[in-house]
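First to last, the sequence lines map onto chains A, B and C. Everything in the first sequence is counted per our numbering, starting at 1 for the first residue and increasing by one. Everything in the second sequence is counted per our numbering, starting at 1 for the first residue and increasing by one. Everything in the third sequence is counted per our numbering, starting at 1 for the first residue and increasing by one.
Quick caveat, the hints were computed from the structure, so don't treat them as lab data. For glycine and all other residues, C-beta sits at the position ideal for the given N, C-alpha and C. Not one of these hints is a red herring.
Beta-carbon label-pair distances, calculated as ranges:
1) C:Ser224 to B:Gly114: 55 to 61 Å
2) B:Glu209 to C:Thr126: 45 to 51 Å
3) B:Arg31 to C:Ser224: 49 to 55 Å
4) C:Arg197 to B:Arg50: 46 to 52 Å
5) A:His98 to C:Gly62: 41 to 47 Å
6) C:Ala219 to B:Ser231: 36 to 42 Å
7) B:Gly206 to C:Glu222: 27 to 33 Å
8) C:Asn107 to A:Gly157: 22 to 28 Å
9) C:Asn107 to A:Pro188: 35 to 41 Å
10) B:Ile245 to C:Val264: 42 to 48 Å
11) A:Asp63 to C:Glu163: 26 to 32 Å
12) B:Val25 to C:Arg197: 39 to 45 Å
13) B:Gly206 to C:Val264: 39 to 45 Å
Quick list of in silico lysine-lysine cross-link-like pairs, DSS-like style, CA-CA up to 27 Å:
14) B:Lys212 to C:Lys323
15) A:Lys170 to C:Lys53
16) B:Lys240 to B:Lys187
17) B:Lys162 to B:Lys74
18) C:Lys165 to A:Lys111
19) B:Lys58 to B:Lys87
20) C:Lys43 to A:Lys170
21) A:Lys270 to A:Lys283
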Amino acid sequence: MALTTEERRRLEDKAHELRLLSVDTVAWAGSGHVGGSMSAMDIMTILYHKYMRVDPKDPAKPDRDRFILSKGHVGVGYAPLLADLGYFDKELLREYNHTGSPLGMHLDSNKVRGVEASTGSLGHGLAIGLGMALGARLRGEAWKTFVLLGDGECDEGAVWESAMAAAHFKATNLITVVDRNHCMIDGPTEDVMALEPFADKWRAFGFEVIEADGHDFDALASAIERAMAATDKPVVIIADTIKGCGIDFIAGDYKWHYGGFDAEKLAKAKESLGLYHESRLAKGAER
Amino acid sequence: MGDDELYASRIFLGAALPLLKVLAVDHAGVRKGFAGKSGAVQVSALTGGREAVYGAPKIGAHFVVENGELRFEKGLAEGPDIELEFKSVAALNGFFSGKAMKLPRIRGALAKPGLLVATFKGLLAMSAALGATEPPAAEAERELVVKLYFYLLSSGISQLNKAGHPDVARWVAASPDRVYAWSVEGKPELSAYLRLKAGNSRAARGVYERSKPFFTMSFDSTESALGILMSIDDMVEATKAGRIIMKGAPEYGAAIGEYMMLVGAYAK
Amino acid sequence: MSGLTFTMLDTAKMSTAEIYGQALCGLGEEHPEIVGLSADLAKSTKIGAFGEKFPDRFFNVGIAEQNMFGMAAGLAKAGLVPYVSTFAIFTAMRGLDQVHTDICYQNLDVKMIATHAGLSFGQAGTTHHCTEDIAIMRSMANLTVVVPADGVETANAVRAAYERKGPVYIRINRGFDQVVYDGPDYGFEIGKAVTMRDGTDLTVIACGSTVWRAVEAAAMLEKSDGLKVRVLNMHTIKPIDAEAIERAVRETRRIITVEDHSVVGGLGGAVAEVAAGTGKSFSFKRLGVPDCFSIIGLHEDLLAHYGIDENGIAAAVREMMGKDFEADDDWEDEV
Numbered sequence: 001m002a003l004t005t006e007e008r009r010r011l012e013d014k015a016h017e018l019r020l021l022s023v024d025t026v027a028w029a030g031s032g033h034v035g036g037s038m039s040a041m042d043i044m045t046i047l048y049h050k051y052m053r054v055d056p057k058d059p060a061k062p063d064r065d066r067f068i069l070s071k072g073h074v075g076v077g078y079a080p081l082l083a084d085l086g087y088f089d090k091e092l093l094r095e096y097n098h099t100g101s102p103l104g105m106h107l108d109s110n111k112v113r114g115v116e117a118s119t120g121s122l123g124h125g126l127a128i129g130l131g132m133a134l135g136a137r138l139r140g141e142a143w144k145t146f147v148l149l150g151d152g153e154c155d156e157g158a159v160w161e162s163a164m165a166a167a168h169f170k171a172t173n174l175i176t177v178v179d180r181n182h183c184m185i186d187g188p189t190e191d192v193m194a195l196e197p198f199a200d201k202w203r204a205f206g207f208e209v210i211e212a213d214g215h216d217f218d219a220l221a222s223a224i225e226r227a228m229a230a231t232d233k234p235v236v237i238i239a240d241t242i243k244g245c246g247i248d249f250i251a252g253d254y255k256w257h258y259g260g261f262d263a264e265k266l267a268k269a270k271e272s273l274g275l276y277h278e279s280r281l282a283k284g285a286e287r
Numbered sequence: 001m002g003d004d005e006l007y008a009s010r011i012f013l014g015a016a017l018p019l020l021k022v023l024a025v026d027h028a029g030v031r032k033g034f035a036g037k038s039g040a041v042q043v044s045a046l047t048g049g050r051e052a053v054y055g056a057p058k059i060g061a062h063f064v065v066e067n068g069e070l071r072f073e074k075g076l077a078e079g080p081d082i083e084l085e086f087k088s089v090a091a092l093n094g095f096f097s098g099k100a101m102k103l104p105r106i107r108g109a110l111a112k113p114g115l116l117v118a119t120f121k122g123l124l125a126m127s128a129a130l131g132a133t134e135p136p137a138a139e140a141e142r143e144l145v146v147k148l149y150f151y152l153l154s155s156g157i158s159q160l161n162k163a164g165h166p167d168v169a170r171w172v173a174a175s176p177d178r179v180y181a182w183s184v185e186g187k188p189e190l191s192a193y194l195r196l197k198a199g200n201s202r203a204a205r206g207v208y209e210r211s212k213p214f215f216t217m218s219f220d221s222t223e224s225a226l227g228i229l230m231s232i233d234d235m236v237e238a239t240k241a242g243r244i245i246m247k248g249a250p251e252y253g254a255a256i257g258e259y260m261m262l263v264g265a266y267a268k
Numbered sequence: 001m002s003g004l005t006f007t008m009l010d011t012a013k014m015s016t017a018e019i020y021g022q023a024l025c026g027l028g029e030e031h032p033e034i035v036g037l038s039a040d041l042a043k044s045t046k047i048g049a050f051g052e053k054f055p056d057r058f059f060n061v062g063i064a065e066q067n068m069f070g071m072a073a074g075l076a077k078a079g080l081v082p083y084v085s086t087f088a089i090f091t092a093m094r095g096l097d098q099v100h101t102d103i104c105y106q107n108l109d110v111k112m113i114a115t116h117a118g119l120s121f122g123q124a125g126t127t128h129h130c131t132e133d134i135a136i137m138r139s140m141a142n143l144t145v146v147v148p149a150d151g152v153e154t155a156n157a158v159r160a161a162y163e164r165k166g167p168v169y170i171r172i173n174r175g176f177d178q179v180v181y182d183g184p185d186y187g188f189e190i191g192k193a194v195t196m197r198d199g200t201d202l203t204v205i206a207c208g209s210t211v212w213r214a215v216e217a218a219a220m221l222e223k224s225d226g227l228k229v230r231v232l233n234m235h236t237i238k239p240i241d242a243e244a245i246e247r248a249v250r251e252t253r254r255i256i257t258v259e260d261h262s263v264v265g266g267l268g269g270a271v272a273e274v275a276a277g278t279g280k281s282f283s284f285k286r287l288g289v290p291d292c293f294s295i296i297g298l299h300e301d302l303l304a305h306y307g308i309d310e311n312g313i314a315a316a317v318r319e320m321m322g323k324d325f326e327a328d329d330d331w332e333d334e335v
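Okay, chain A solo, but in the shape it has when bound:
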């Protein structure tokens, strides 16, 4: 179902709001995985604000949809989203990474309401998500499991073990999204460890592949809906994204996988995000 103008507007505004909150969090934390947070924000926004049935007041609700941030290092992007939804007090973000804080670089499912799994060691999320999906099926429950992977993360063999198993067990209630921002710590993915032909690999492992622009809510909506309706093969959405998108001085730059903002840079980042938001609204208005 195509997005209405209001829906699109709401999502754009929300994603922008969350990006601002995320860069603030990076500043409060001292530093953070800002590049990957920016690239993943649209994906997470549309999942939580349009498709996932969750209740922030009741994080243990048995029939809730599950989301696993397998690329767990972008906690500074995910925590603001959860706080904004009401899982915990936004004020807590100011203590991000501080000694004794429940919020740290990689979010702890034992400590943070709303976090389904303690990820951070890459390659684990798909297996956990698969286990959840199969558990749901065994118990006859209808909730879905969404797993967000990084592209560099797909170097891990464990990801492909889980992919093979997901196809073998026909886990169609598991929806996988890859934040394909083409960057990792030591350089562009294709320089460090080439992933292409990436889509072909997933197909070979038994997945239906949907490629979409990870910063286009209409494209994401269409992909997600198709994925949620799958009955034959599990679906992977390869979302093409820009690392650090929205902040002109970091966008597309692998070196901003992790970084910090001083007051000046923070102001510049927010200014850039503002302009980016406007350009996105303009593009949306054309539709």
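Chains B and C: place on chain A using the hints.
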């Protein structure tokens, strides 16, 4: 069996005589006797024709009194203030067992009469305590007698081992590192123990702290203890009635009981 | 706790792993939320029995251990109780990141049955032996580590694991262990050592396949040397029965540990940590695989080779009984 005279002398000199120290602390009369006294007291015997057996012309033991406190030392002293010198080892044994009343040659009586008197008082008190045929009425006295017996028996067995008594030495030689203890329930201050290891033995006073003793002969009261120690009570009866609690393997209880009786036999 | 559903005669013929398979089936009947996972080792680890009985509750993930442990975590998060079985070496090493981060860190009700532990897969060699897993697993926070002595104890452990909150690691052999227990009602309790024989000369602390051997050695030593050796079955390595160890130090002063595991960091290390903490002096020796990669051979032969069979244990006991403690040179009676 073996050289009974030798074994008896070791028990008297090595196990019984040192009990004077206990009496000098716990027995009011003996304590008063030694109060304020100082000097060295020696009990000895001439070996005469049996020098080869004893390894010296004279054997003995001595203790040093310092302001009423007794301290036992090994072997013979250089120039003891008081000496009770027996003509022979047999005479010493006879005196201590109460069988013969022949007094030893006494030296130093004129110089330190008080010390001599205190010594004799101690020996009489010891004889009275160990020779009693019935447990004393007062608990405090019973405690003293139990302590004396425990120390006498543990040291006595050890002395028999060191002297080479065939039965005892064989048993100790075969023993791994083990501790045998004697106690009265609720009165750890009366305890004694014997540590054995591959031929070595050491008797000691008090509770063995380093590990759980391999075997403990425990009595439920001082009366029960004296009942057995004075041979009034029957071991089997007492065990059945719970007056003795054997803690550890029962077959070892039998062995220890046997050696206790052996010491008793030499000492009486 | 309901009884086992097979007779002792059956036990005599079943290997440890088979008893585990049967016990799990029984448990699975009572509790529908129990699921099973295997990495292409359903037959070897005998969890296949569960798989045959409850096919839709059993997941064979193929030779992919990391995925298996991750999936187990996910299933546990979905409200199920997964029993995951593979060889010990793969649980403790191949899948360790998942065991550590997905299962232990998140304190999930995943019960891991690690088979073919120690040298029990003798002829398969080092690639399939696991003489390091006790050391590795006991260092994981939140994890309960149990090393059952025989089939009956394994069944007890499997049941107890279900009752126990959080992750559990049960380490068993390839199978065909000697029978230690006549029946399940001897007082199995996680965290409590079982006194197989009492004594005060020396204590042997064993776990797993060495328990039977320690008991045999102690019987031998009593008969031939008149020694009274205390034997403790320390089936739970974590949480270890510190009280039993402290009592052994206090009462016997001599401790020998024996395990089908390296002498580094396993049961021996765990016991030493507690014993050293008592502040009392004691004689101590660890028997195990001497910090090397094992030769190949039949399990029994390997145990003998590394001195952790009944003869090796007896020899170690004799040697220790002969050693002096400090201050052993004063043999004068106290006067």
